[in-house]
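*Asks:* Let chain W serve as the given structure and place chains Z, P and H on it in line with the hints.
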Amino acid sequence: MAKDLTLLLIIALPLLGFAINGLFGKKLPKTIVGGIATAVVFVAFLLATTLFSGLHGTQIVKLFNIIDFDQLQINASFQIDALSIWMTLIITGIGSLIHLFSMGYMSHDEGYHKFFTYLNLFIFSMLLLVLGSNYFVLFFGWEGVGMCSYLLISFHYNDAQKGLANSLAGRKAFIMNRIGDVGLLLALFMILGQFHTLEFMTIGKAVQGDVALQGGAMFFITFCLFIAATGKSAQIPLFTWLPDAMAGPTPVSALIHAATMVTAGIYLTVRSNFLFELAPFTKDIILYVGLATTLVAAFMALRQNDIKKVLAYSTVSQLGLMFVALGFGAYTVALFHVTTHAFFKALLFLGSGSVIHGMHEEQDIRKMGGLAKLMPLTHLTFLIGTMAIAGIPFLSGFFSKDEIMAQALHHNPAVYAILVLAVTMTAIYMFRLYFLTFHGAFRGGDSLKSKVHESGLSMTLPLMVLAVLSVFGGLLNLPGLFFKNAAHWFDHYLSHGTFGLSEVHNAHLDFNTSIGLMLFASIIAVGVMIWAYLNYAKKGSLAKEDAALNGWERLSAQKLYVDEIYNTVFVKPLLTLSEFVGKVVDVQLLRNGVYAIADGILNTANLTRKWQTGFLSSYLFWMVFGLIIFVAYYLLKLSVWH
Amino acid sequence: MQAASSIGTSLDFYLFVSFALFTIGAIGAMTRKNMIVLLMCIELMLNAVNLMLVTFSTYYGNGDAQIFVFFTMVVAAAEATVGLSIIIMAYRNLKSIDIDMYNQLKN
Amino acid sequence: MALILLPLVFSLVAWFIPSNITRIFGLIASAATLVLSSVAVCYFEPSEHLLIDFGLRFVRFSIDSLGFTMILLTNAVIFLVFLSNFKRSITNEKRFTALAFLMQFGLLGVFTTNTILGFYIFWELTLLPIFLILYWFGSFDKPRALLQFFLYTLLGSLAMLLSVIGLMHATNQQTYEALLAADLSSLGNTSIFLMGGFLLAFAVKIPLFPFHTWQAETYTKAPTAGTMLLSAIMLKMALFGLLKWVLPIFDGIATDFWRWPIITLGIIGVVYGAVVAIRQQDLKTLFAYASLSHLGLIAAALMLNNFDTNQIAVVQIVNHSIVSIGLFLAAGIIEQRLGTRELGQLGGIAKVAPRFAFWFAVLTFVSLSVPFTAGFIGEFFLIKALFSANALTGFLASTTLVLGAVYMLKAYQAPMFGPTINATFEDLHWSEIAVFAILSIAAIYLGLAPQCLTDFVAHSLTQPTH
Amino acid sequence: MDSIVILFISGLLGLFVGMQKKPLFSIFIASLGLIGAGVAAYFKGSYVSPFASYAQFIPTQGLVIILLCAVTLLAMLGGYKRYKSDDEHTGDYFALILFSVCGAIIMAQPNDLMLFFIGLEILSIPIYVLVGIEKGSSRSAEAAVKYFFTGSFASAILLFGIALLYGATGSFQIIEIQSNLAIGIWQSPMAIIGSLFLLAGFTFKIGAVPFHFWGPDVYDGASNSVLMYMSTVVKIAGIYAIINVFGQVFRDSYAFWIDLICIIIVLSMFYGYITAWKQTSFRRLIAYSSIANAGLMLFALADIHNSNIFLFVTAYAVATIALVVVNFAVNDDTDSLANWEGIAWRNPVIGVALVLALFSLAGIPPFAGFFGKFSLLWSAAPHVPYTAILALIASVIGAFVYLRLMISALKKPKVTMPIHLSFEQVLVLVLTSLTTIGALYFI
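First to last, the sequence lines map onto chains W, Z, P and H. Every letter in the first sequence is one number past the one before it in the working numbering, and letter 325, counting from 1, is 325. Every letter in the second sequence is one number past the one before it in the working numbering, and letter 34, counting from 1, is 34. Every letter in the third sequence is one number past the one before it in the working numbering, and letter 98, counting from 1, is 98. Every letter in the fourth sequence is one number past the one before it in the working numbering, and letter 69, counting from 1, is 69.
Isolated chain W, as found in the complex:
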């Protein structure tokens, strides 16, 4: 099959699934709805693998013109290269697993067909985002995934207790994303102003090696792009929506808010690497924002009690880590972590979904415990995920994180030190989560305990697949010290197949430092694991109740009060402003002002009508008076006429 046709099929299949489910989903049986939705994504994945295997250079597929003006042409066209196909593989691969999982997870939901409709639409938008060959198509997908994210977060808007909260969370996510979108929009405008095109390749070729471009314009463009990335990828200051987005069904969290959509910001940065390379200052900003995010989010995760919230903050933290890598210009490293993170975070989310499903929608870890026996398969896979993210040696997370640490150590030891802190905290909260959930005594009450059950095959199968990937994902990009030949496969793959990346070279540490680094990381991870085991499993420590929290714990549990601060600094003033402008300026000042003027004019009638006194003598007097005034005026005028 021709490549372009394959590509179009990949994009069209989810759309087809969306159309079928959207139009007829209500009348079809649930298995067929879910089956179709899963199948289209899976077929897309298979097609993507064929593209992957036959990948050779960059290829552009043009579909049609969106806008064709004299000075501006924008096409709906797509780009096949290493980066886009890799992202496609992640999206469709993990996407199909999550679809499969959802068939089980959502089986009792009345909005079943709607859910799959949205999911397919999301996959479609996401594919547009990563496959587009220009910023416009990317923006298309960018906004599209935002919309789907909104729809899916507020999916359970009818819920009796949480319906309103769910919809508010969706709204928050949408608005926060929109702030980022404005950044992207402005960046696009500036790119258009600078290059008169939005095609990646054209721009890339235009800027390549052109050091003269380095400076103001590039800074603004990349800065705006980065703002967009912070919106989508939940970085400071726009990260608060992601934890709230956990209001959505868990598969959504896994797919959108862990594996795919939130990495769009990283994709954008990698895709625009040639621009960022010209803006070192922006890269510094990225580095420090990423660093701050990863630290802050990890800190917040320490004392969260909602199983999904912990994972959410963990996601924010990991994304921050990726941005640190980007800040160092280590694009492939960041993308490597995107990949492994997609594996284990999807696994963790699905695992938590399985737990929540089994616990009948209970998400509070204080009500869990001892689930290891009740849900063995889930337990095992969750453990693997936890170990992967915590950086237990030779699991996928170990390698990808290590790469980032290595970059940090190479560039800036201080950053490295902070990252060590963040990584340690990651291990702490993840094991805390794991042990509190799966070990110890069940705390949810007996009636619930009797109902807890292991999930069905459609849910556990994806878990197992993802667990395998989480374990072996690291093999994609082994460090050079183990297998000389197989090492850095991913680096090569990306940097040779993606425009601009071949220009960027990652730092490689020498042998001893690498070994030392890995050893240190392993010690931390394993040490934390043992500590957590002792503390939570053996000693039986439990999550404290809110009232018992001490100073730093409270800060963590209350998320550093960021939401409150935003509320006071941004939301409240905006609402007050709106209220003020609406009531005072608009109604009082403008509208009533118009009325007042009108009334003022019309009320002079009360005055003018008094002139009509009713007395004949006064009429005659005024007539004469007017006449005299006229005469006087004209005689005066005559005297000055010449």
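None of these hints come from the bench; they were simulated from the model. Note that beta-carbon positions come from the ideal geometry of N, C-alpha and C, so glycine has one too. Don't take each hint at face value.
Computed Cβ-Cβ distance ranges for the label pairs, DEER-style [stated by the list, open to error]:
no., chain 1, residue 1, chain 2, residue 2, range
1, H, P385, P, G344, 47 to 53 Å
2, W, I597, P, D256, 57 to 63 Å
3, W, F52, P, A434, 44 to 50 Å
4, W, D70, P, A181, 20 to 26 Å
5, P, I421, W, T202, 51 to 57 Å
6, P, I444, W, D364, 28 to 34 Å
7, H, T334, P, I24, 25 to 31 Å
8, P, V41, W, F52, 15 to 21 Å
*Replies:* What follows is chains Z, P and H alone, placed relative to chain W:
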């Protein structure tokens, strides 16, 4: 427009008289309350005009204005007729010929 | 010819038909005009003009591709108004039917006339039916609000009348082509004043920022059909006038003089409308301010008088018509079924009326200009044009993305989601679904293929000289 | 001349016929006379189409006569119900009206100030009488007294002006006056004072500020049927007289005089419309509206060479007649605006005629009032742009007044009892409505 008659220098005098009469009439019309007096004042104004017309007629030496004077007199007569009958009708209604009593219609 | 006169005939006929078939008549007759105009478009060569001359002195018609676009839009809007109100008592009224057709006639006249005085006459002609519709079917408790709308508009259009007179005197021409050819730059400051007169009329109608005070009040108190007519098509007359008449004719020092003042007002309107909309409790008021925000953007972008932007502006004009019909229909549906539009008194409708929830959501997203809808293309390119003219205006204009999300989502979520306050809610009638479906399809079609529209209208837009 | 003769004879005839106490017969004779006069005027004058292009609304002699006759006919028919109720005097009333029209015709087209003055008095004196026809009513009596005294006072002022002008120029012939003024005499104080006195007399007739005082009181006190006549014919005749006289007198000193005209226009329009807003009586409202419209009419003087007044006065006259006829039908005794609520619903003819008339007065296209205003401003605006702007602002206030009236009339009525209209009232309303729409001919 040459002065074609013997009226010559005394033109100003005639004009002054005419002005004076007109002003007296106008002030009278404005200040007096009795409708009959009002009517008379207006007649006075008309006659002031007549005087002026005749003056100018003499001054210019053509007869147009004198003919006009006749018209004015006729009109004045007609006005007086109508005016008096209106006053009578008004008197029937309000039992008064004080002009200030006629003050229902206002504002 | 029949294209223009048919509505007038229908308007007269409507008085004399039995009242029990009025609503059918309205629907069929408006459909007929729509079909007729669609057929006419098919036979129309976009690069040509269709001249229609009744032998009148001041009014001649000449339909170009922009005119045809607006004709189609008008006829479609009128049809949709009839369709969407099919279940309401208002379409059962002869008076409404007759006035709506009269309105259509006036609008068609505005969009097709070839003489400047004709433009003014038809412009004012539309006031008569809308005034009566608002008065008869609206809920104006005091005549003051109604008068405010009417007289505000009248003040603007009288200023325009003066400008029309001045323009005709200054150029000694009255047809569009002749006015285009006339050299106004020699007039100097006079041309600035003349353009100012037009702009005042347009600013009131669009409406631009300080002249918008009539809008919210009128929209709220008007019947749903009236609001639709006003917002979906009548206000477009001003944008059309700007695009077709004022900008090309006054291209030169007058446009240069007024460009930044108007853009400033437009951008203020964008931000101001959005900010005010956030806190509104009445659904229709909220949409009114949203409209202020959207139209400010179009007006501002139009003032750039850029060939490409003007084409996109047409897309956005059509898009705004789609959005406003849809949103005001939704507000009307809620009001009709529940008797209130106060957000605080609404909730959980989605649960009892899923079909309504779905279509309302679609229209909400259309108005949020998400991808695949015309608004996405429109907003993107309009803001782009503003941005390249001045980065600050572009930035301010782009805040509409965020603020728009804030108020639109509120407007959607507050009544639809959350705890059910209103247990009974009759779901959509087929006629209402049809309206929503047509609107959505149109929006998505334009979102994917705006080029078909921009190419079509490009023929009749003049390339500015600067 | 033919027209005047015909009118005079039919007036005389009417006096005799009136003794038969057959109102129908009287109105038949009177109508015949008016129609005959109109026809005669039509065939007499060298009729040039005034609408050859929009720049040429020059009134021809015949056209004014036809207009005056037609408006009088409408007013007479509209008020017929009142006239016939007093069948002893029906013939007299019609005779008075016909004589008065004679005066109007003479006055409107003068070439000689003497003739003009005679015409003016012939027009006015019958109206003094007509205003007082409600013999038992003190209001009517008061109106007659006020009208008579202010009117004859104004006549005296006017006459004084004529005398002064004569003194300055030595002639009553307008052409001669013009040619004499042209050689510089216009700068003599006597000519200026004379012109001002003359203008005062004229503006009194059309009722512009500050010589408007009689208007509201007299309109209020007069009966509806007389109001129809005097609010229209007098103004038409007056404005044409102004155009014809001052078009010549001011010709060479246009720049000198135009500010006075502008002041009068602006004062009249604002004063008229604003004061109309607070009125509770319909006839007073019409009076103030007519003051404002008098101001508008004076725009005809702004462009002396093209005074495109015809359309405007026609539109004004038919709309006013329609309104007064409606008021006559619904509201003869109390004359309160409150009685207007919902009347459009109680009779469709009233509804349509009312809406058209009010929109026409407010100047909304495509009705006659708009074309009238347009043709006026078309010539005037380039000469007096700022006044035109002020006038348009005032027009908005005016629209307030008219639309409030309409809103009141369109309100759902409390009383749904249909209003009965007599045949001739329906006829008048239909004719006025047709005229109002018929202005579309000028598009």
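*Asks:* If a hint holds in the structure, say so; if it doesn't, say that too.
*Replies:* Against the structure, the hints:
For the pair H:P385 and P:G344, the supplied restraint of 47 to 53 Å holds, since their beta-carbon distance comes to about 52 Å. Checked against the given bound of 57 to 63 Å, the beta carbons of W:I597 and P:D256, roughly 31 Å apart, lie outside it. Between W:F52 and P:A434 the beta carbon distance is about 46 Å. The supplied range of 44 to 50 Å therefore holds. With their beta carbons about 24 Å apart, W:D70 and P:A181 fall inside the hinted range of 20 to 26 Å.
The hinted range of 51 to 57 Å is satisfied by P:I421 and W:T202, whose Cβ atoms lie roughly 55 Å apart. For P:I444 and W:D364, the hinted distance range of 28 to 34 Å is not satisfied, since their beta carbons lie about 42 Å from each other. Taking 25 to 31 Å as the suggested C-beta distance range, the pair H:T334 and P:I24 does not conform, at roughly 45 Å. The given range of 15 to 21 Å is broken by P:V41 and W:F52, whose C-beta atoms sit roughly 47 Å from each other.
The structure shown violates the earlier hints numbered 2, 6, 7 and 8.
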